[in-house]
Amino acid sequence: MKCLLVEDDQALARELGQALRDGDWLVEHAFNGQEADFLVRTEAYDSLILDVGLPDGDGIRWLAAWREDGIDLPILILTARERWADKAAGFSAGADDYVTKPFESAEVLFRLRALVRRSHGHAHPVLRMGELSLDTHTQHVALAGRPVSLTAQETRLLSYLMHAAPRVVSRTELSEHVYDRDHEPDSNVIDVQVSRLRRKLGAWRIVTQRGQGYRLLAEQPAAG
Amino acid sequence: MMPWPSWQGRIARRSIASRLLVATLVIVIVGLPLAGFLLSHHYRESATQAFDDRLEALLNVVIAGVAFDRVEQRLIFDRDLGDPRFDQVYSGWYWQMTDGQQHTLTSRSLWDQRLPTHDGNTLIARTVNGPRASSLRLVERDIQLAPLEQPLHISVAAEDQALMDNVRQFQQWLWGGLAGLGTLLLTVLALQIRWGLAPLRRMRANLREVENGEAKQLDTRLPDELAGLATTMNAVLARDQRLIERGRHAAGNLAHALKTPLSVMRLLARQAPAEQQSAWEAELTRIDNAVRHHLARASAAGEGGRVAPVSLNEALAPLINGLARLAQRRDIHLEHTLPRDMQAHMDAQDAQEIVGNILDNALRWAKGEVILTLEAHGEHLQLCVSDDGPGMSPADCQAALQRGKRLDEKRSGSGLGLSIVADLVALYRGDMQLERAALGGLAVTITLPVVVIRRPDRR
Numbered sequence: 062m063k064c065l066l067v068e069d070d071q072a073l074a075r076e077l078g079q080a081l082r083d084g085d086w087l088v089e090h091a092f093n094g095q096e097a098d099f100l101v102r103t104e105a106y107d108s109l110i111l112d113v114g115l116p117d118g119d120g121i122r123w124l125a126a127w128r129e130d131g132i133d134l135p136i137l138i139l140t141a142r143e144r145w146a147d148k149a150a151g152f153s154a155g156a157d158d159y160v161t162k163p164f165e166s167a168e169v170l171f172r173l174r175a176l177v178r179r180s181h182g183h184a185h186p187v188l189r190m191g192e193l194s195l196d197t198h199t200q201h202v203a204l205a206g207r208p209v210s211l212t213a214q215e216t217r218l219l220s221y222l223m224h225a226a227p228r229v230v231s232r233t234e235l236s237e238h239v240y241d242r243d244h245e246p247d248s249n250v251i252d253v254q255v256s257r258l259r260r261k262l263g264a265w266r267i268v269t270q271r272g273q274g275y276r277l278l279a280e281q282p283a284a285g
Numbered sequence: 002m003m004p005w006p007s008w009q010g011r012i013a014r015r016s017i018a019s020r021l022l023v024a025t026l027v028i029v030i031v032g033l034p035l036a037g038f039l040l041s042h043h044y045r046e047s048a049t050q051a052f053d054d055r056l057e058a059l060l061n062v063v064i065a066g067v068a069f070d071r072v073e074q075r076l077i078f079d080r081d082l083g084d085p086r087f088d089q090v091y092s093g094w095y096w097q098m099t100d101g102q103q104h105t106l107t108s109r110s111l112w113d114q115r116l117p118t119h120d121g122n123t124l125i126a127r128t129v130n131g132p133r134a135s136s137l138r139l140v141e142r143d144i145q146l147a148p149l150e151q152p153l154h155i156s157v158a159a160e161d162q163a164l165m166d167n168v169r170q171f172q173q174w175l176w177g178g179l180a181g182l183g184t185l186l187l188t189v190l191a192l193q194i195r196w197g198l199a200p201l202r203r204m205r206a207n208l209r210e211v212e213n214g215e216a217k218q219l220d221t222r223l224p225d226e227l228a229g230l231a232t233t234m235n236a237v238l239a240r241d242q243r244l245i246e247r248g249r250h251a252a253g254n255l256a257h258a259l260k261t262p263l264s265v266m267r268l269l270a271r272q273a274p275a276e277q278q279s280a281w282e283a284e285l286t287r288i289d290n291a292v293r294h295h296l297a298r299a300s301a302a303g304e305g306g307r308v309a310p311v312s313l314n315e316a317l318a319p320l321i322n323g324l325a326r327l328a329q330r331r332d333i334h335l336e337h338t339l340p341r342d343m344q345a346h347m348d349a350q351d352a353q354e355i356v357g358n359i360l361d362n363a364l365r366w367a368k369g370e371v372i373l374t375l376e377a378h379g380e381h382l383q384l385c386v387s388d389d390g391p392g393m394s395p396a397d398c399q400a401a402l403q404r405g406k407r408l409d410e411k412r413s414g415s416g417l418g419l420s421i422v423a424d425l426v427a428l429y430r431g432d433m434q435l436e437r438a439a440l441g442g443l444a445v446t447i448t449l450p451v452v453v454i455r456r457p458d459r460r
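Read top to bottom, the protein sequences are chains A and B.
Sequence positions in the first sequence follow my numbering and run 62 to 285.
Sequence positions in the second sequence follow my numbering and run 2 to 460.
For the record, the hints were derived by calculation from the structure and aren't laboratory data.
Treat each hint with caution, since some may be false.
As the list claims (entries may be wrong) - Which residues of chain B face chain A? A partial, calculated answer using Cβ under 7 Å:
1. Thr261
2. Val265
3. Leu268
4. Ala270
5. Gly323
6. Gln329
7. Arg330
8. Asp332
Even for Gly, the Cβ is constructed at its ideal location relative to N, Cα and C.
Please work from the sequences and hints to get the whole structure.
Following this line, the structure appears as structure tokens:
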């Protein structure tokens, strides 16, 4: 999952970015509204963390502008303001949730995961596809109740497919959401990682739709 | 020897109305009678003088007309005084000339009576008793008339009844006039107190409105003397307001400036060795709590008194709508009933702070349901928020109402939110109760004496 962190304070951006990466997020930074505006309109993200106090204008204004233009990715605002009127303005402008500074990384991760889950229409923190389950908070994957050991990259890949299911996910979409912009893989790398997942979870669970991408299945299709 | 200060103090505190009353009473009780006495005295003097002058003129005519007939050895007087009353018996107008022995001549009006005489050759004017117990004004002069050896006493007298009547009439008019003047003075004083002091009373009522927060500043459409006072007072109020604003801003800016570094330190604390982490956490939490607590205090307008009434609906609707959206995204149903039109003596920000903190706390813990109700009971605003979360033990409820205590160290700020609310509620002299909600979680009930009670218009 990819998150855009819009924060002008270098130290906070660095530390929060690290905390997010530790929580299995791919993080990109924007240090002002302009930069964030450009990235939001050109790149694909699963969530956005927005500090409302930005050097080039109130974060709430940028937020309102994005919502106006139909950009509906989940947005978590970071606010240092104690004034409830300002926080309320943030919600009205279209923020999905907020965290008040000084926050704990656990709270940011908790809110962020819940936002992404709900944006894909999942209410419960544990996603299930038949016997396969993924706890969005702990990133633990289990098959028929038994834990499955996956690498971080495999977990990210599976997590994205599970959030998106039962939709078909294209290779491009996967490379955008699951891989760093700087290390965008060729489709071969994705194929290799998908086949490793198939080995660990059962080959039938991930179907290749020719020319479209991958799709996760809940039930094994009848043989034939 | 202590009565002095209190006596002086009592004078200093005397109302302006009673000062004016005392001054006017001094004029009416002392000034007017004194003026009356002096006027009446001088009038009497000058009226008597004029009467005497007339008698003296007659006396001179009489003196000019007297002669002694050596042949008949008697006094003769052949001049006509031009007033018939000297010839009518006991008419009240008399003349007499006598040497005190055998030679005496009188006006016919005197008949067989005689006027008293007095030795001395200067002109003497005096009041004497005349015929038939009348009171006479008499002028007399002694002259030497050859060949008489004794000086001749010549007197002219007239009843002073007319003079006295004249003086009495003047006095009646005078005292009547003065009584009228006194009454007028007292009436004018009453008007002065009613009308002249009306601006003062208006200003006092105006000040009370400012105190109650119904007016922002004093009306300066006042008489010159008070307009200056009101303008100065407004300047003081405005400066007060500026100082408060500056204090709030300073506190807000300081808190704002500390938030980001605190966040960074929190994140850095994760990298500390496990045994140090909780110590770091605890200290950072203490800093954060102190900042939030004092910021909340500094930015609270509070203290009932000077807060202008606001529409609670206008102040709270954006906040509640915003939080309702948030609740929806957290899959929590936030049910809220807001009165359509309720005015309360509260700072809008304080109201938002109270409702925001309680709702924030409820939304943090609720599983799926939060209910907010806001009602007016007389002048009391009752705010109740309940949730279906885990609730709090009675001991925790107790602790939450104490300043700065934290209930749960795992999630930031939850306990503090409630204690900030408790502080604000205390500032407004309200009451805050925590108990188990019917939904199962925590129910926070706050009662604040801030609702503006509409009095029916008097027509």
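**Report entry** Structure versus earlier hints, numbers of those that do not hold, lowest first
**Finding:** Violated hints: 4 and 6; rest satisfied.
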